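Undergrad: Sequence:
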Amino acid sequence: MKKTFFACCALCLLAGCGSSTLGGGIDPRMSQLQIREFQTRSFETADTLLVMKALLNVLQDDFYIIKNADAALGVVTAAKEVDVDDRGFWGKALSDENDRWKKNAVVECSGTVSSHGNQTRVRMNFQVKTYDNLGAIMAVVQVQDQKFYQEFFAKVDKGVFLAKEKL
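Going by the working numbering, the residue at position 54 of the sequence shown is 382; the numbering climbs one at a time, nothing skipped.
Among the hints, a few may not be true.
List time: in silico SDA-like cross-link candidates among lysine to any residue, alpha-carbon distance up to 25 angstroms [claimed, not checked]:
#1 Lys457 / Asp414
#2 Lys483 / Asn453
#3 Lys430 / Lys457
#4 Lys475 / Glu409
No lab work stands behind these hints, which were simulated from the structure alone.
What you are looking at is a predicted structure, and each value in this text was computed from that prediction instead of being measured.
Using the sequences and the hints, build the whole thing.
TA: Rendered as structure tokens:
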């Protein structure tokens, strides 16, 4: 049985995508090569620094905080935290101090930017950690939604285009 994680627009908004779902846990039917394929995009420029800057701009536009960016190594890490407490007024008012509920989620990403001939290749990896009201981790889920990655890379592609055109 595949774990499902937040199949709602709220998480999608927090993750910065237009898709209505984010994949659940790792699908055991998918090979590492299949996963790597949708996590990777090649851009038609040998300028890795330009692509790195476009990638960082897209992450910041999607409200990620850049944790680490090293152009020489081609590595970037970022995260964003979002309140996912959806209990509403009465849920909060009637909660017992011993109850556990989803309090916040952290979307973390890491990526590499590398040169491949006349192209620059970017591979990104996203995961969502959900914390309860006591600060304990409730779930850690790899984002495995191909549409999420397509939409993310479309934003990076647009950023690369704008940078190339100096707009």
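Undergrad: Take the hints in turn and mark each one as holding or not.
TA: These are the hints, each one checked on the structure:
{"no.": "1", "hint": "Lys457 / Asp414", "in the structure": "16 angstroms, holds"}
{"no.": "2", "hint": "Lys483 / Asn453", "in the structure": "16 angstroms, holds"}
{"no.": "3", "hint": "Lys430 / Lys457", "in the structure": "11 angstroms, holds"}
{"no.": "4", "hint": "Lys475 / Glu409", "in the structure": "22 angstroms, holds"}
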